[in-house]
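Chains as they are written, first to last, in the numbering used here: chain A, 60 to 530; chain B, 14 to 203.
Any given hint could turn out to be false.
Pairs of lysine-lysine residues, derived as DSS-like cross-links and limited to a Cα-Cα distance of at most 25 Å, are as follows [what the hints assert, rightly or not]:
{"id": "1", "chain 1": "A", "residue 1": "K343", "chain 2": "B", "residue 2": "K136"}
{"id": "2", "chain 1": "B", "residue 1": "K19", "chain 2": "A", "residue 2": "K230"}
{"id": "3", "chain 1": "A", "residue 1": "K382", "chain 2": "B", "residue 2": "K75"}
Covered stretches of chain B, going by a simulated chain A footprint (3 or more residues, C-beta under 8 Å) [unchecked claim]:
{"id": "4", "region": "17-26"}
{"id": "5", "region": "63-74"}
{"id": "6", "region": "141-155"}
{"id": "7", "region": "173-179"}
{"id": "8", "region": "182-190"}
Derived, one-sided and incomplete: chain A residues facing chain B with beta-carbon distance under 8 Å [what the hints assert, rightly or not]:
{"id": "9", "residue": "T215"}
{"id": "10", "residue": "R229"}
{"id": "11", "residue": "T265"}
{"id": "12", "residue": "L281"}
{"id": "13", "residue": "E282"}
{"id": "14", "residue": "S380"}
{"id": "15", "residue": "G477"}
Because the hints were derived from the structure by calculation, they are not lab data.
Given the structure is predicted, the values throughout are model-derived calculations rather than measurements.
Don't be surprised by glycine CBs; every beta carbon is placed ideally from N, CA and C.
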Amino acid sequence: MASKGKTLFEKIWEQHVVVPETEETPAIIYIDLHLIHEVTTPQAFTLLRESNLKIRAPKKILATMDHSTPTVPISSLKDLDVVAEKGPAQQIRDMIQNCKDFGIELYDFNSDRRGIVHVIGPELGATQPGRTMVCGDSHTSTHGAFGALAFGIGTTEVAHVLATQCLLQRKPKTLAVNLTGNLNDGVSAKDIILKVIGEIGVDGGTGHVIEYRGDTVSSLSLEQRMTVCNMSIEAGAKAGMFAPDDATFEYLKDRPFSPQGTDWEKSIKKWSELKSDDNAVFDKEVNIDVNSLEPMITFGTNPGMVMPINGVIPDHQGSVSFKQALNYMQVESGKPLLDRPIDVVFIGSCTNSRLSDLKDAATILEGRKVSENTRTLIVPGSQSVKKEAELLGLDKVFRRAGAEWRESGCSMCLGMNGDTVGKGQLAVSTSNRNFEGRQGVGSRTILASPKTAAASAITGTVQDPRKYEVR
Amino acid sequence: MEKIKKFTAKTVNLPNEDIDTDQIIPARFLTLPSKEGIGECLFADWRFDSSGNTNNDFILNKDVSMGCEILVAGNNFGCGSSREHAPWALVDYGFKAIISTSFADIFKNNSLKNGLLPIVLPKDVHEWLLDNPGIDITIDLENTRVEFNNGDNHEFEIEAFSKYCLINGLDQLSFLLNHEDDIMKYEGTL
Ligand code: SF4
């Protein structure tokens with residue numbers, strides 16, 4: 060019998076085993092790149108201080124501020140008190156101090172490299188195929204778009220990586236999600252991943268690393284792949300991955316941290332081997348046809364409660380949790396969401412705040428006005444995205460339409476920095492979580508693509524972007 | 014870390030499925046500087062209304078829930094964010110174990126590092142617990158068994174190394190630090 064091939068995940072895993080796993084102990088895995096931000100690190104730094112430990116590899120850390128940072132322009136720490144509440148402001152100050160004390164380079168307010176940690180990793184070329192990457196943040200799965208093994212960890216583990224550059228890990232299982240077909244107009248990567256989560260459920264990926272495969276993959280840009288990988292965690296998956304290909308190499312070429320010169324050629328050769336063998340076996344497989352996919356929206360309080368934009372809300376079938384979710388959202392089984400009035404549109408977050416997302420939104424908002432009843436907040440994922448968007452004049456399109464255009468950050472995705480959706484308000488958001496109160500106490504969230512969000516902003520109701528895309 | 018071997022405690026039920034970490038501890042409390050007292054914010058938006066008044070209908074605010082140290086919760090508990098504040102809040106509030114039919118991976122890992130036991134039981138046993146709230150049960154970590162008053166007992170699974178660390182009150186970082194030679198050797202190959 061021919062020997063079993065290896066999956067992409069298994070290849071990267073094996074290359075990073077420092078000490079193999081046994082029945083008694085997990086494997087010790089080496090981490091190539093550690094991303095850190097202000098919210099999940101303070102207690103880890105405290106632990107290092109208390110235990111008198113140093114950072115093992117400060118050069119293997121990428122540090123930024125995104126979660127609690129204000130999205131209004133800020134020029135000095137003094138201004139921080141004007142624009143931020145006490146808690147977040149202190150957290151930002153602590154981050155600056157911690158990075159200083161421990162010799163870590165931090166992309167802070169003055170840096171044009173600052174941005175949401177999962178947006179800047181790729182755009183700086185720090186996210187690379189075959190790397191192991193972790194961050195005290197569940198959406199670390201984003202970086203798998205490049206064929207990296209990237210996943211979220213807790214603060215205790217952040218301390219482990221700071222001190223040893225290693226993690227204790229049991230080997231996860233593998234799940235192949237086979238995507239076939241081509242996307243229709245008005246449909247985007249966000250709709251793919253919402254569909255996947257709807258199909259496999261919010262715990263469908265638990266204990267597994269997903270590899271997205273199939274003929275759709277080659278037609279997806281790296282930015283689209285990031286959107287898909289980003290929300291893999293919403294299906295409970297440990298990580299999401301795409302095998303690197305020419306599009307990956309193209310994206311990474313000449314980025315600040317990408318290999319240069321002869322190293323670049325060597326890297327491409329190495330990276331090209333990073334794909335699942337033909338005879339590799341996955342623990343589970345799921346097939347999703349995207350040919351007939353429509354724009355998707357969520358109607359409930361988790362990302363698995365999802366339906367096509369023209370659909371009606373499904374029956375609760377006796378589930379108490381489902382009924383509670385509909386209750387919270389103030390929606391009813393059997394009714395549509397289309398044309399429903401909304402209060403807020405948020406275009407941003409590590410799921411959908413890259414240049415292509417903003418372009419998608421701008422195509423729809425160009426020459427139009429957003430509804431007077433709808434607050435529309437557009438937050439670029441990084442300062443670099445902001446600059447690129449402004450070079451293309453997208454900021455003007457947004458401002459003319461009546462939308463707010465901000466500095467980069469997580470912003471309304473989790474509402475830590477003062478940007479929130481009000482109590483009882485309904486938002487169409489391009490972020491990744493529609494949990495109760497996620498965007499602010501009592502807020503209600505419909506997740507959608509940037510196209511759907513932009514279309515909805517125009518009428519101030521939930522809208523199908525296909526009505527607006529072609530003129 | 015305190016050693017955990019065997020304890021008996023009363024259950025309280027929160028049968029909702031997919032309870033996410035934003036419910037366990039909303040994001041606005043992630044700026045709290047310390048783990049102590051963070052239990053005040055546990056399930057904040059369910060325990061209190063927006064003016065800070067206690068919601069008397071919420072199970073944890075009822076007298077019967079006083080002193081309960083085991084939470085029996087619906088499937089896929091702890092999904093969502095990686096915030097370790099979630100187990101910190103549960104522990105600080107007084108919980109020692111959560112029983113469900115499944116847990117989100119990161120939450121489970123975080124819990125095990127904070128002496129909070131995430132215990133998966135079969136569906137029928139879980140249902141029985143939901144039907145019989147507020148009972149005393151014994152969790153025997155050394156033998157990985159849950160024992161009920163009526164003599165019923167059920168085995169549960171827990172990752173071997175985490176179990177070893179919890180029983181002996183060891184912290185996992187020292188284990189990693191002890192492998193300095195292996196790490197150096199690996200780094201030599203990079
Ligand atoms: S944008 Fe939202 S999901 Fe992404 S890292 Fe920030 S808070 Fe987390």
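Structure versus earlier hints - violations, ascending order: 2, 4, 5, 6, 12, 13, 15
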